[in-house]
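Protein chains: 2
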Amino acid sequence: MADKDCVGVRVFSLNCWGIRYLSKHCSQRYQMIGEMLCKEQHDIVLLQEVWSEKDFLYLKTKLTSTHPHSHYFKSGVIGSGLAIFSKHRIHDTFLYRYSLNGYPYMAHHGDWFGGKAVGMAILNLAGLTANIYVTHLHAEYSREKDSYLSHRVVQAWELQQFIRHTSTGADVVIVGGDLNMHPQDLGCRLLMSYTGLRDSYVETAKFDGCENGMTLIADNLFISKNELIPFEKGIRIDYILFKGSSKTDIYCDFMSTTKGSVPGHALPYSDHEALTAELRLESHIPAQTGSDKTQDTPTEKLAELVDTLTEARTEVKVGLHCAERMRYTAARTGVMGLALLFLELAIAAVPCFALGAEQPFPRISFYLLAALCFAILLTTFLLYIFYTMELKSLQGAEDQMRLAAGSLQEKLRGFSVTQPHSVPQRSPDGEQLCALDPEE
Amino acid sequence: MADKDCVGVRVFSLNCWGIRYLSKHCSQRYQMIGEMLCKEQHDIVLLQEVWSEKDFLYLKTKLTSTHPHSHYFKSGVIGSGLAIFSKHRIHDTFLYRYSLNGYPYMAHHGDWFGGKAVGMAILNLAGLTANIYVTHLHAEYSREKDSYLSHRVVQAWELQQFIRHTSTGADVVIVGGDLNMHPQDLGCRLLMSYTGLRDSYVETAKFDGCENGMTLIADNLFISKNELIPFEKGIRIDYILFKGSSKTDIYCDFMSTTKGSVPGHALPYSDHEALTAELRLESHIPAQTGSDKTQDTPTEKLAELVDTLTEARTEVKVGLHCAERMRYTAARTGVMGLALLFLELAIAAVPCFALGAEQPFPRISFYLLAALCFAILLTTFLLYIFYTMELKSLQGAEDQMRLAAGSLQEKLRGFSVTQPHSVPQRSPDGEQLCALDPEE
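Chains as they are written, first to last, in the working numbering: chain E, 1 to 440; chain V, 1001 to 1440.
Hints listed in this document are in silico derivations from the structure and should not be mistaken for laboratory results.
Please note that a few of the clues may not be correct.
[What the hints assert, rightly or not] Derived lysine-lysine pairs resembling PhoX-like cross-links, with alpha carbons at most 25 Å apart:
#, chain 1, residue 1, chain 2, residue 2
1, E, K247, V, K1301
2, E, K243, V, K1411
3, E, K247, V, K1247
4, V, K1317, E, K145
5, E, K301, V, K1247
6, V, K1233, V, K1206
7, E, K259, E, K206
8, E, K243, V, K1301
9, E, K24, E, K225
10, V, K1243, E, K301
11, E, K317, V, K1243
12, E, K87, E, K54
13, V, K1317, V, K1054
14, V, K1060, V, K1039
15, E, K54, E, K39
16, V, K1259, V, K1301
17, E, K411, V, K1243
18, V, K1024, V, K1054
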């Protein structure tokens, strides 16, 4: 890269509102989102509230040719809902789960089950190391009586900690997501002032979109005006943030938001507006072509690392099978408990209608059996939730390991091209390295 | 600092086995540990299994003069058990909670309730930025049938991710803790090969301690030989790891472990042996005196940051009070449920003894009331656990914010010495900056 070389990066961010069977026109909207992403070909696509992995896989298939690299961050009971699609290879990923995220008994708000988090992906943009973050903070259900404020402040605190500590080596930092905070809210100020991140809406040279950059607007079909009170026209809670480094300057040349319904369609993409930022990176110092920190590692060490990683993946897969079996057992036991309860009710039903008549089923046994059934149901339900969370964490680790293995193998292949005789093509136990298929 | 300047750093690590009322001779051992730390004056002390905050506070008081800087990492239901004491100012801290950590119903193993994690502290060692990590991984209860293997592998994976991604800007990395893995175990290899960390036992020029550097030995009073089978003499599962950077070389000149009972005392410090490593840092490039990343921030921005931080701390404290109140309500409701159950049992007791006699208490009401009591007890118990976890997370964030505020204020004071006229001594709302007492 020459001195003061310019690289353009188009970043897209959208909260997809993707609750299957509950969000309105969900599959139709995913179809629209997929088509638009295919056409627009942004460099980096950051999505939130992709709650179903099936929808992620739908988009992944749809975007195979335009965005060959992607990652879905798994966490919590349902998932983190976070996904990234990229034109550029993803070298590494990391997920930080917020320590606080609402209450499990506030099931109608659902945030706790989502396992909110911040996901990081490390890309190589024309020789520059770019740390990309996607996140979604706890929703604000009432501005006046916000019982989740302290949770959101702690999330903003952890978000700034995570970004600050993990981005020291990055040339460029880009953050996209639904922060569920207005620009002047405490959490936003904490995040911006601590990290030095800049707001693309504030910094952009040219803007085309909703008034004041709003991302939750009254003109959106899916928004009821009551939700927005006292902000009649809407609020700005979705952001694309960025910062450069001593090596790289970064500017926002253009920013846009959607404005409710999509031209040519009857529907908007989501209840949130989508953001697009056109960023320009200017690098001062000739950049390196490698991007991750394993670049100085000798080939033998790399091959050893791949082996260790294969072994770790195997072990995690064993854990996965075990957790799946345990979850299945919990579900089966739960179903048996339910069947027993129905059976008991059926037996007891007939004499129950004839009140006063003698009961063939002793009352004490009846109540004890019913209590047992309820205990079984409750226990198996809790276990089912727990094993689902375990599965998500194991799958998440396995995904990250697979991606890391793919990146290492690419590096090894690079070595074998430049140093054809020095690459150990076999691991110590004779297994072919390429047997570890990164996309398996 | 001159070219190739040397700095000696003495690091101490110990799993304290500090379960109040359950671990043998707990308070006596903490007294011994406190006295030894006072005398030895290590630069950095990394402790694990300090399960009670009271014990941390006892050590903190005891070490005020030798180790004025400390941090206790809060997490999970009980806590992470991780603590750090330092001669050098702690500029920043960050905690990563492992996504997997055993099962809540394996209460006798207790790991789940501990909320295992890795804590990071950023220090300035003679002008070098040192990232210090302390961690404790899930225990291995059976070598042959290790049902937690996948959990420990995922923990090792997350540990290496956390260290690798957060230490990019560090001149020196030091990791201490109980990894619960033998040196050749998969998780250990994953950690070492991915991060490039070196093992002080392997690297040390001189060693004095147990055979093979073992840290869980048969000669320890608190260890039953059955636990160690098939490793008769003991195993090595505690480590001090380190690595330098392009700027700094690091060597281990001397390493030692305790050998069971402490000379002059009847007891060992813990069921684990304590590790001490004498590290030598050699810096190539003149180091900067500032250590954290806010060093280039102008004074006004720093003052603004302190204000935002104060506001955030207030908000978190509001959340803390709210969570405390909720936990108190849960506990009170639970006690009322219990009282109701006892009352019911007392009323029902007399006729129950005379079986066959007519009961004044209708059976159906009896069972319904009992079921209600049990439901209340279970719900309030779960809520109590949940609010305790929430409290721990809020307290943890507040602690980290207080520490960060202290560090920022120190920086501001530094500015006010060098630039006496340019420092805003008051925040915008007129509050004295010094009102934010970092040790409050």
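- Message: Run the distance test for E:K411 versus V:K1243: straight-line Cα separation, threshold 25 Å.
- Response: holds, 23 Å
- Message: Hinted pair, alpha-carbon criterion (25 Å max): E:K54, E:K39. Please report holds or violated.
- Response: holds, 22 Å
- Item | Given pair status - V:K1247, E:K247, alpha carbons within 25 Å | holds, 18 Å
- Take the C-alpha atoms of E:K24 and E:K225, compute the straight-line distance between them, and say whether it is at most 25 Å. holds, 17 Å
- Task: With a cut-off of 25 Å on the C-alpha distance, tell me whether E:K243 and V:K1411 pass.
- Result: Since the Cα atoms of E:K243 and V:K1411 sit roughly 23 Å apart, the hinted pair holds (cutoff 25 Å).
- Query: Keeping to a limit of 25 Å between CA atoms, is the pair of V:K1317 and V:K1054 held or broken?
  - Reply: Status holds; Cα separation ~21 Å.
- Query: Is the straight-line distance between the alpha-carbon of V:K1317 and that of E:K145 25 Å or less?
  - Reply: holds, 16 Å
- Message: Tell me if the straight-line CA distance from V:K1233 to V:K1206 falls inside 25 Å.
- Response: Holds, at roughly 22 Å.
- Message: Check whether the Cα positions of V:K1243 and E:K301 lie no farther apart than 25 Å.
- Response: holds, 16 Å
- Message: Run the distance test for V:K1024 versus V:K1054: straight-line Cα separation, threshold 25 Å.
- Response: Distance of about 17 Å is within 25 Å: holds.
- Query: Is the straight-line distance between the alpha-carbon of V:K1259 and that of V:K1301 25 Å or less?
  - Reply: violated, 52 Å
- Message: Just to be careful, I want the Cα atoms of E:K317 and V:K1243 compared with a cutoff of 25 Å; is the pair within it?
- Response: This hinted pair is violated, its Cα atoms lying about 31 Å apart.
Hint compliance for this structure: hints 11 and 16 are not met, and every other hint is.
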